[in-house]
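**Q** Next come the chains, spelled out residue by residue.
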Amino acid sequence: MTTLPLPAFDLDPPGTYLFTVHEAVRGQRINRFALTLRSPERRAELAADEVATLEAAGLTDDEIELIRRRDWTALIEAGGHLQLLLVIVAALGGTLWDIGAHNAGCTADELRDAVPRKVAGLPATIAAVVR
Amino acid sequence: MSTLVGGLGISHTPSMGVEYDRAEAPGVAGNPAWQAWFDGTRLIRDALASLEADHLVVVYNDHLNYFSLDNLPTLAIGIGDRFAQADEGWGPRPVADLGGDAAWGIHLAEQLVAQGFDPQLCLTLEVDHGIYSWFPYLFDQPWPVPITPIAVNMVCQPVPTSARMVQLGRALRVAIDRYPADARVVVVATGGMSHQISGARFGIANEQLDRTFLDLLPGHFDELAAVPVDELMRFGGTEAAELILWYAMRAALSDDVRVVQAFQTFPAITGCGALVLAEPVAAA
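Sequence order for the protein chains is A and B. For the record, in the first sequence the residue sitting at position 118 is 118 according to this note's numbering, with numbers rising by one throughout. Each number in this note's numbering comes from the position in the second sequence (counting from 1) with 131 added on.
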């Protein structure tokens, strides 16, 4: 049983991966592939033959390998957008919890048990107003 | 002439829709963690009903379920009589399409452009859980009130600034005041409260931030809107940035609003809350 530490108030990896237009450019093949899965037919194709679907999707070999390994953290680092990785994980029979758990370094059940991960704290300027 | 009678701020999250669909009975959550949301939205529903709105202007964000990174407007407005549900990757939910009113969409588009905004015009705009997840908690089908959706990019930096959301709210106020037919209008803004759904900070839950936000928005708006969005993200998770959408609602209203109803709860991974504000004219 992993005990997750409480989230810190910073915006740096591995706690946080910001998605900017830089990531959008870097991850465009992964993200375009995910968008094809808006269609139920394409989702069925992926479920039926994962390898063939990925190889026909315009992805690099590295990107295919990351999806095959369900390496969600590396996919985020490669520019995959969380909302679009969510479509991929769902089409592969998983959920958001699988991505979150991979990011947090625990199992999906451990993450489900850990949330909400309650913290307290306010930006300084509004803390002054409240006080 | 139309009258802006009040505002609604409300959070959204996909699981809100899932829980609605699997409720054991109307108002009874299948998952006990969501009961406070069911109970709270019952009060919000009554408060909103008391405003007797004929039209809702809804500022929300799409989650790449209609727009894409190949075509991502910073600001977009839906112009039409119907806004269908986007397929988010697991099929649509069993709820009716949202109703629209093209005359309102046209008017708001013209008025926003006249005031210096550059919205993308969308005659088709499929809407995702940004609106569909909470709408059935507040209205029964067939939906009694049409909406004009206004989508703001919240999924890829750079996103609009807090100051721009304040300007958007003020421009919506002017636009609504200029509508040439009688109507009672409520401006709605929807964005999740504290939450982050990726990275090792997944599941961060800052109820102190969410409660403080609800406390300050009505009467300490200037101080709140001056908080850098990075600070909201640091303390409330990256997706807490969506709270700046609520500024468009607050900025559309006057200094004389009163709080009709407000609550917050934290069922799982997204801070959930809602706030109804009424203008003095609402009671007239």
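For the record, the hints were derived by calculation from the structure and aren't laboratory data. The structure displayed is predicted, hence computed values, not measured ones. Here a beta-carbon is modelled for each residue, glycine too, at the ideal position from N, C-alpha and C. Keep in mind that a hint or two might mislead.
Far from chain B, by Cβ distances over 12 Å, these chain A residues were calculated [stated by the list, open to error]: (1) Asp10; (2) Asp12; (3) Val21; (4) Glu23; (5) Glu65; (6) Leu84.
Using 25 Å as the maximum straight-line C-alpha spacing, the simulated SDA-like pairs for lysine to any residue come out as follows [to be verified]: (7) A:Lys118 with A:Ala47; (8) A:Lys118 with B:Pro163; (9) A:Lys118 with B:Leu254; (10) A:Lys118 with A:Thr95; (11) A:Lys118 with B:Val149; (12) A:Lys118 with B:Ala156; (13) A:Lys118 with B:Val305.
**Q** Honestly, which of those hints from before does the structure not fit?
**A** Numbers 1, 2, 3, 4, 6, 7, 9, 12 and 13, in rising order.
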